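Two chains, two frames, some hints: make the complex.
Each chain, written out:
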Amino acid sequence: MTQSVIVRFDKVNKWYGQHQVLHDVSLEVKKGEVVVVCGPSGSGKSTLIRTINALEPIGNGSLTLDGIAVHAKGTDLNKLRQSVGFVFQQFNLFPHMSVLDNVTFAPIRIQKRSRAEAETLARDLLARVGLAEKAGSFPGFLSGGQQQRVAIARALALQPPVILFDEPTSALDPEMVGEVLQVMKALARDGMTMICVTHEMGFAREVGDRVIFMDQGRVVVDTTPDLFFDAPDHPRVKRFLSDVRGEH
Amino acid sequence: MNFLLPPDQWAMLFGGLRTTILLFAIAWIGAFALALILVIVRATDYRVCRWSVDAFVAYHRNVPLLVQVMFWYFAMPELLPEGIRFWLYDHNAEFCLAAIALALGSAAYQAEDIRSGLRAIPGTQFEAARALGCTYMETMRFIVVPQALRISLPPLVGRALLLFKNTSIAMAIGVAELTYRTREIENLTFNTFTIFGIATVLYLLGTFSLMAFGSWLERRATPGRKERHHA
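From first to last, the protein sequence lines are chains F and X.
Under the numbering used here, think of the first position of the first sequence as 1, with each following residue one higher.
Under the numbering used here, think of the first position of the second sequence as 1, with each following residue one higher.
Calculated from the structure, these hints are not laboratory results.
Since the structure is predicted, the reported quantities are computational estimates derived from the model, not experimental observations.
Treat the hints with care, as some may be off.
[Stated by the list, open to error] Derived pair list, reagent style DMTMM-like, types lysine to aspartate or glutamate, alpha-carbon separation capped at 20 Å:
id	chain 1	residue 1	chain 2	residue 2
1	F	79	X	138
2	F	79	X	127
3	F	185	F	167
4	F	112	X	138
[Said to hold, decoys possible] To give an idea of the interface, some chain F residues facing chain X are shown, with a C-beta separation under 10 Å as derived from the structure:
id	residue
5	15
6	79
7	92
8	98
9	100
10	105
11	109
12	113
13	136
14	137
15	140
16	225
17	227
18	229
[To be verified] One-sided and incomplete, this derived list gives chain F residues near chain X with beta-carbon spacing under 7 Å:
id	residue
19	74
20	75
21	78
22	106
23	134
24	138
For each residue, glycine too, the CB sits at the ideal point set by N, CA and C.
Chain X on its own, in the form it takes in the complex (with noise of 0.2 Å):
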């Protein structure tokens, strides 16, 4: 029995989709990781950590997303030691240099959402922390960061929904995600309107999944949430 598509058809499509989220999963927690780092290291004192921060940011804002993953794909290789090349080559290279590329770029892009959330808060909330006792780290880590966080979190999950949506991308360097195999079958078969139309109910059960999840979170990191009922 088909429904829509031949079984074998919609277990490509499903394989794709499998990537896609996996890439996306990776790229994802990858990007919030740097994230962080990139706006510890700009909030220093240091002018060299600012400048490189800036620098790193202004790249990945200014350049397309296609030639930064092409750029990974085809040029940085080049750069690397023989032997992690090598075992790139072996351990599926596009889709590890797709994950790195597309974290790169989402990073910058939450770095920049994570530093207007910290520029949010005011400083008498440090103050209020180094008072009690909290060195410079507990303050960040108990009292700016969550609160910056919590400001930060609608703008991060637009860039989550966006990074998800640019795993596309990565069918340009081959790695085999939802849109490659989209093509794949819409090459073999001309059932154009179908497998789009699939494709694309596909990438907004995800978009809707997060977009869900987003504000879940949203409701949750509101303080005092249960309170509001009774007020």
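Just chain F, with the same shape it has in the complex (with noise of 0.2 Å):
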């Protein structure tokens, strides 16, 4: 059985100006995958996956999510949005919010739902991520590693098939980097469909399906975690991983 493309990029193209950061991109996401994108910075990584939700406009090529044309006029952005999770390398909670306030915001004033069926989800999510207890806190009060877990929580609110993961641990002290991850990981064991933009190895070894090798606006490499990182056959995928490696 083959499984359904959920995310397709075809000969896609951007430029900042004169300068191109992405360069004819071509790759497809299937539902259930887990997809890590890493590269040198200023590769193109983050363009590539802003582009999914369409926080980043494309030159030209197409891009589709679940078959809808991302960047073709009259898609309803507001609507496809919905369908796409996105959490943030700098959290973005909504600092005049409680925590709980931040998960059951969209589904209460975007998706319209009811506010005790969004606070029974936003609960459960919460408690997925290991924070049931601080329902009632604001994001000020909460560490890094705590408030990107709401942020995901609050990504997940939305009950979005696919969720983006832009650096998620970068701007994170060392050791609040593994209670994101492990959140992270227990999200893909569950099946979600998930790209991660990120630079950490050992989550990419453990749980990911596929890892995406980007270098000057082109994917250079598309293979899985263990050719990646056991064979790699590219001098500048050496180079990288030696470098996030620490070998100098």
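Right, dumping it as structure tokens:
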């Protein structure tokens, strides 16, 4: 049985002025897959996933999410964005709302679900990220790791079929990286479709189905974690791996 | 029994105070509503909109309030259709026109305060809301404006105090508010020290109440104010 494709890039190009940030990107992500996107700084990884929910426009080519052309004229982006979760590097929680309100915000205000229903769902999600007891707290009183776990719960609250992570652990103190990765790994094991820009190679190896390596706006390597880590055949990948492993 | 003033003069003063409070309340509500509209219009991409708002703000910040009030009272009715003009003259024109002039002047300042609050909200908040499927208006309404208002609260409280005190300028066009009544009693009795002393105390009571209300709002608007005690 072939799994259905949920995200498809077809020859996507993007420029910032003269500078080309995405170069003929073509790739597919299937339902249930965990795809790790890595590469050196400035290689276009963040831009790549930000085009999936149209936080960034594309130049040309086509990009579909669940069969819908994301960047086509007339696509209802607000509706489309409800079907794709996004987790930011800097969490971007809403500081004027409690943790619970951060998570119930979109279901109540955007999806017009009842408060009772949204709160039941939110408390369930907060329990899943290990923060049930923080429901009444405000983001400013949480550690970075806790904030990022709330941000994951917020992204899940719309029950999207796919969730995007943009360097979710890069802004965290080292001792908090683990708690966020644990939540992400649990999600992956539950069968969530995930596209993660991250340098956490342990995560990629443990739960990743595929690793995509980008360099200068191109997808250079698209392979399995085992092949990527154990038998890198691309010189740029070898250099990158030795850099992230701290071998100098 | 007279305490400082005979009862009829107290009645005059409190009548004046009532007018002052009413003038302030109406002008403030109008000013705040208009300020929000000015901010939204200013935030659009159209150059004409931005320029009009900037011109509005510049006029009200650079022309003396007394001139603005007199302009509204003496000049503006000439431009109004006859029906509205006669309606005004039948319905306390001084009060209505003073309220309009005060509201417009305060709106210009409040709009600037709210706008600087808006600029303090990082673009990433906007992005986070958009990523959840919020429209532009939903993003503004639920995410950006509530945070901006919290930041703007201290300067807005200052504007409210200023507006409360500036209601006294309405006496220049004959609105029988507190300062007007004070002058009237003073002319009648030459009891200068007592009557201006009482007026001062009444104004202070008004401004202190506003300040207390402002700091209550600020405490209420601080996210997680209850947690701070445990932290």
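Evaluation of the provided hints:
1. 79(F) / 138(X): Judged against 20 Å, a Cα distance of about 13 Å means the pair holds.
2. 79(F) / 127(X): holds, 15 Å
3. 185(F) / 167(F): The hint holds at about 15 Å.
4. 112(F) / 138(X): At roughly 13 Å apart (the allowed maximum being 20 Å), residue 138(X) and residue 112(F) satisfy the hint.
5. 15: This hint is violated: residue 15(F) lies away from chain X, its Cβ roughly 21 Å from the closest one there, beyond 10 Å.
6. 79: holds, 7 Å
7. 92: holds, 4 Å
8. 98: holds, 8 Å
9. 100: Interface hint status for residue 100(F): violated (13 Å vs cutoff 10 Å).
10. 105: Since the shortest Cβ distance to chain X is 7 Å, the answer is holds.
11. 109: Holds: closest Cβ of chain X sits about 6 Å from residue 109(F), inside 10 Å.
12. 113: violated, 13 Å
13. 136: holds, 8 Å
14. 137: holds, 6 Å
15. 140: Check passed: Cβ of residue 140(F) comes within 6 Å of chain X, closer than 10 Å.
16. 225: It is violated, given that the least Cβ distance between residue 225(F) and chain X is near 27 Å, above 10 Å.
17. 227: With a closest approach of 33 Å, the residue 227(F) hint is violated.
18. 229: Hint on residue 229(F): violated, closest Cβ of chain X at ~31 Å, above 10 Å.
19. 74: Violated, about 16 Å.
20. 75: It is violated, given that the least Cβ distance between residue 75(F) and chain X is near 13 Å, above 7 Å.
21. 78: Check passed: Cβ of residue 78(F) comes within 5 Å of chain X, closer than 7 Å.
22. 106: Because about 4 Å separates residue 106(F) from the closest Cβ in chain X, which is inside the 7 Å limit, the hint holds.
23. 134: This hint is violated: residue 134(F) lies away from chain X, its Cβ roughly 10 Å from the closest one there, beyond 7 Å.
24. 138: It holds, given that the least Cβ distance between residue 138(F) and chain X is near 3 Å, below 7 Å.
In the structure shown, a violation is registered for the earlier hints numbered 5, 9, 12, 16, 17, 18, 19, 20 and 23, in ascending order.
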